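Protein chains in written order, with my numbering: chain A, 28 to 133; chain B, 5 to 343.
Please keep in mind that the hints were generated in silico from the structure rather than gathered at the bench. Treat each hint with caution, since some may be false.
Below, a sample of chain B positions facing chain A; criterion: calculated Cβ distance under 7 angstroms [stated by the list, open to error]: (1) Pro-54; (2) Cys-134; (3) Phe-137; (4) Lys-153; (5) Gly-154; (6) Val-171; (7) Arg-184; (8) Met-252; (9) Leu-298; (10) Ser-301.
These stretches of chain B come out as covered by chain A in the derived footprint (C-beta under 8 angstroms, 3 or more residues) [stated by the list, open to error]: (11) 88 to 97; (12) 104 to 112; (13) 121 to 132; (14) 268 to 274.
Remember, predicted model here, so these are calculated numbers, not experimental data. Every residue gets a Cβ at the ideal spot worked out from N, C-alpha and C, and that includes glycine.
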Amino acid sequence: MPKINYITHDNQSHNIEVQNGLTVMEGAVQNDIPGIDADCGGGMACATCHVYVKEEWLDKLPKKEDGEEDMLDMAFEPKKNSRLSCQIIVSDELDGLTVNIPSKQG
Amino acid sequence: MIKTDALIIGAGPTGLFTAHQLKLIGLNCEIVDNLDKIGGQCIELYPDKPIYDIPAIPECTGKELTDNLINQLKPFNIKFHLNERVDEVKKDNDNWIVKTNKGTTFSTPNVIIAGGVGSFEPRKFSVKECEKFENKSLFYSIKDKNIFKGKTVTIFGGGDSALDWAVELSKNSEINLVHRRDDFRGAQTTVDKVHELSKNGKINLFTKYQISSVKGEKQLESIDIKSDDNETKSLKTDYVLGFFGLIMQLGPIANWGLNLDKKTIEVDTEKFETNQKGIYAVGDICTYPGKLKLILSGFHEGALAARACFKLARPNEKYRFEFTTSSKTIKDRLGIKGD
């Protein structure tokens, strides 16, 4: 099973096995990783599952849909490497993916 | 003080259908919602997005679902208290005394929380010092546009609110419009208008910039904005407006003595009652083993909570189960004349 490395705002690293097909958001919620609220449950409607993707992984992720960039406008402190974790689906290729969780979601 | 058999907090689909269930079994109810319109997340977050899993409705949008639910409530005269947030819930013998931020007070044996993920609040700037100027020279919504006349106003955001206000206020004010990227998500006609006004020097456009600090002692004097490439610009401004949409906060619900699991309220699956007698939670805001955050689950939860309300609202009567197809009493309540 691929492992996703979630780094919380206090610099704690949570290296978690997440099943293929789940989203990075679901992996965090199911494993009680703090800092991912996911209020809308993955509908790309709230921007509270916002993460910063480690630079070297950015190009390996599927491109953003229009709606995702629109929602990121509302995220807390968005940056160039911002993504909504509900839009990243875990696969073997993403084994080792590292994401930083912002200090808050809004 | 308003007396009612049940008070529903939240006018989303679950709250609306719960009201219908209460009225069908002969109880009265009123509904409070923090938003200025009926529909909850369906209206605020995805009015135009399709929903495919409402039983017997192959496809509908959030707005259509809301309109249908409102239509279904038409036979009943239900009082809505919009733009009001419930702040306080206190026990008074057999009743709950419920107070809103506008001072409306209810006395009721039953409080049904159908609050989704809490109340919608404006998203704020992440820069801490912004709080100092909030509601003085820094706003997240506009109540009186006249205060901006002849002043410099810096607007942040890329959606319709930000663009509409930039266009409107540019008639009488100096406008800076700041957005984190080149693309705007507002209506194309407004986006075109903004670009035209920018060409004519009526709007100073700063894209790929975000706020980095605010300056001023008693009064706001200027702000710094920073680009993706760490280039900083200082803008003199009298007012700052931020339009980043809404975020859901659990808010005062956290202080009502209810057992919570993260941002949700624990309930039983018979009455959907919380640990407090006469306070129920239904829809997205409740949790129990196997909970599904589906609209249809909210409908079921509301129907059962409504029956539980009957016992507390009519302690001396016995609730009798009836079908809407065959019950004369229910048809009377619906205002349907004999067949």
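Hints and how they fare:
1. Interface hint at B:Pro-54: violated, since its Cβ lies 11 angstroms from the closest Cβ of chain A, which is beyond the 7 angstroms cut-off.
2. Evaluation of the B:Cys-134 hint against chain A yields a violated restraint, the C-beta minimum of about 13 angstroms exceeding 7 angstroms.
3. Hint status for B:Phe-137: violated, given a least beta-carbon distance of 19 angstroms to chain A, over 7 angstroms.
4. For B:Lys-153, the interface hint is violated, since its Cβ never comes within 7 angstroms of a Cβ in chain A; the closest pair sits about 28 angstroms apart.
5. At its closest, the beta carbon of B:Gly-154 sits 30 angstroms from a beta carbon of chain A; the interface hint therefore is violated under the 7 angstroms criterion.
6. Contact between B:Val-171 and chain A, as hinted, is not supported at the beta carbon level, the nearest pair being about 18 angstroms apart and thus beyond 7 angstroms.
7. The interface hint given for B:Arg-184 holds, since its Cβ lies 6 angstroms from the closest Cβ of chain A, which is under the 7 angstroms cut-off.
8. Given hint, B:Met-252 at the interface with chain A, holds; its Cβ is 5 angstroms from that chain's nearest Cβ, closer than 7 angstroms.
9. With a least beta-carbon distance of about 10 angstroms to chain A, the hint placing B:Leu-298 at the interface is violated under the 7 angstroms criterion.
10. Given the 7 angstroms rule on beta carbons, the hint for B:Ser-301 is violated: about 12 angstroms separates it from the nearest Cβ of chain A.
11. With 0 residues carrying a beta carbon less than 8 angstroms from a beta carbon of chain A, the region 88 to 97 of chain B misses the three-residue requirement, and the given coverage is violated.
12. Residue count for the region 104 to 112 of chain B with a Cβ under 8 angstroms from a Cβ of chain A: 0. That is fewer than the three needed, and the coverage hint is violated.
13. Counting residues of the region 121 to 132 of chain B whose CB lies closer than 8 angstroms to any CB of chain A gives 4, which reaches the minimum of 3, so the coverage claim holds.
14. Chain A is given as covering the region 268 to 274 of chain B, and this is violated because 0 residues of the stretch bring a CB closer than 8 angstroms to a CB of that chain, at least three being needed.
In the structure shown, a violation is registered for the earlier hints numbered 1, 2, 3, 4, 5, 6, 9, 10, 11, 12, 14, in ascending order.
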